[in-house]
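Protein chains in written order, with the numbering used here: chain A, 1 to 62; chain B, 1 to 183.
Don't read these hints as lab results, they were simulated from the structure.
This structure is a prediction, so every number in the text was calculated from the model and none was measured.
Cβ atoms here follow ideal geometry from the backbone N, Cα and C, with glycine treated the same way.
Hints should not be assumed to be uniformly reliable.
With a straight-line Cα cutoff of 20 Å, these simulated EDC-like cross-link-like pairs (lysine to aspartate or glutamate) come out [unchecked claim]:
(1) B/K111 - B/E71
(2) B/K74 - B/D48
(3) B/K145 - B/D157
(4) A/K53 - B/D9
(5) A/K53 - B/E38
(6) B/K145 - B/D115
(7) B/K145 - A/D17
(8) B/K74 - B/D33
(9) B/K145 - B/E131
(10) B/K145 - B/E132
(11) A/K53 - B/D48
(12) B/K74 - B/E131
So, partial list: chain A residues that the calculated Cβ filter (under 8 Å) puts toward chain B [to be verified]:
(13) I22
(14) G23
(15) K59
Given next are the chains, with one letter for each unit.
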Amino acid sequence: MQMDMNQRKPRGRLGRDVQSKIGQQLRAMYDNVLSEGVPDRFNDMLRQLDERKEADQDKGTA
Amino acid sequence: MPLNPALRDAMLAAVPSLRAFAISLSGNIDRADDLVQETLLRAIANIDSFQPGTNMSAWMFTILRNLFRSEYRKRRREVEDTDGSYAESLKSHPEQNSRLEFQEFRTALSKLPPDQREALILVGASGFSYEEAAAICDCAVGTIKSRVNRARTRLADLLSIEGSEDFGPDQSTRAILAAGGRG
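Work the whole structure out from these sequences, hints included.
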């Protein structure tokens with residue numbers, strides 16, 4: 001007779017399948033956002049900051 | 001002086017991942033984008049303290065995390081938008097997950113203590129090593145490991161998953177049965 005190994009789960013330790021399911025869900029959630037790339041507002045903000053700094057610099061050195 | 005183009009590119013390259021982290025932390029896409037914007041501004045203002053050759057992404061994650069923590073302390077007593085606006089803003093989702101399952105996951109994630117949630121996300125989704133995550137969270141590597149373990153155990157508990165068979169499409173069937181049974 002063979003014991004069913006699956007019946008006994010060590011307490012406080014998760015099975016590999018559970019961990020991989022959680023990992024899968026985490027990455028799915030993450031990838032969803034990553035796929036949106038860089039929203040325009042951030043590109044625009046950095047460009048405006050650069051322009052402002054350049055203008056300040058021109059004034060400063062004049 | 002305008003920002004060095006290489007640094008600027010490295011900052012922009014970190015943005016998608018910073019947004020994903022911020023959304024995971026705050027559960028709200030608008031707050032997340034505000035956090036990312038504030039992070040970029042702080043990074044630019046403090047660019048002199050960035051050490052060239054080190055990981056720009058990890059440096060910015062540290063800034064964002066600290067911003068979130070100070071904001072979180074301020075907002076502690078306000079009602080958190082845990083599973084509302086971001087879940088609703090999700091129009092698409094990966095095919096392998098049912099919509100319900102995905103929302104259940106997000107809700108469960110939002111119930112974790114912030115320490116555990118951020119540790120799990122940094123290691124499990126952002127792809128940082130335990131050492132990098134420890135540096136970002138300013139704690140010991142062992143602390144990160146135990147937070148990640150506790151987070152996984154708690155998530156499995158909240159989602160009542162004991163094995164992969166419990167985490168499949170049956171989840172939605174069960175929800176329908178439960179809803180019908182009580183109605």
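Evaluation of the provided hints:
1. This hinted pair checks out: B/K111 and B/E71 have alpha carbons roughly 18 Å apart, not beyond 20 Å.
2. For the given pair, B/K74 sits about 28 Å from B/D48 by alpha-carbon distance, which is inconsistent with the 20 Å threshold.
3. Note on B/K145 and B/D157: the hinted pairing holds, with a Cα-Cα distance of about 18 Å set against a maximum of 20 Å.
4. A threshold of 20 Å between alpha carbons decides the hint, and for A/K53 with B/D9 the separation of about 17 Å falls inside it, so the pair holds.
5. For the hint pairing A/K53 with B/E38, the CA-to-CA distance comes to about 18 Å; that is within 20 Å, so the pair holds.
6. Only pairs whose Cα atoms come within 20 Å are accepted, and B/K145 paired with B/D115 is accepted, the gap being roughly 11 Å.
7. For the hint pairing B/K145 with A/D17, the CA-to-CA distance comes to about 19 Å; that is within 20 Å, so the pair holds.
8. Distance hint between B/K74 and B/D33 is fulfilled; the C-alpha atoms sit about 18 Å from each other, no more than 20 Å.
9. This hinted pair checks out: B/K145 and B/E131 have alpha carbons roughly 10 Å apart, not beyond 20 Å.
10. Only pairs whose Cα atoms come within 20 Å are accepted, and B/K145 paired with B/E132 is accepted, the gap being roughly 12 Å.
11. Distance check on the hinted pair: A/K53 and B/D48 sit about 16 Å apart at the alpha-carbon level, within 20 Å; holds.
12. Pair hint B/K74 plus B/E131 does not hold up; C-alpha atoms about 29 Å apart against a cutoff of 20 Å.
13. With 8 Å as the threshold, the beta carbon of A/I22 comes within range of chain B, its nearest partner Cβ sitting at about 6 Å, so the hint holds.
14. For A/G23, the suggested interface contact is upheld, since its CB lies about 5 Å from the closest CB of chain B, less than 8 Å.
15. Look at A/K59: its Cβ only gets to about 13 Å from chain B, farther than 8 Å, so that hint breaks.
Hints 2, 12 and 15 from the list above are not met by this structure, while the remaining hints are.
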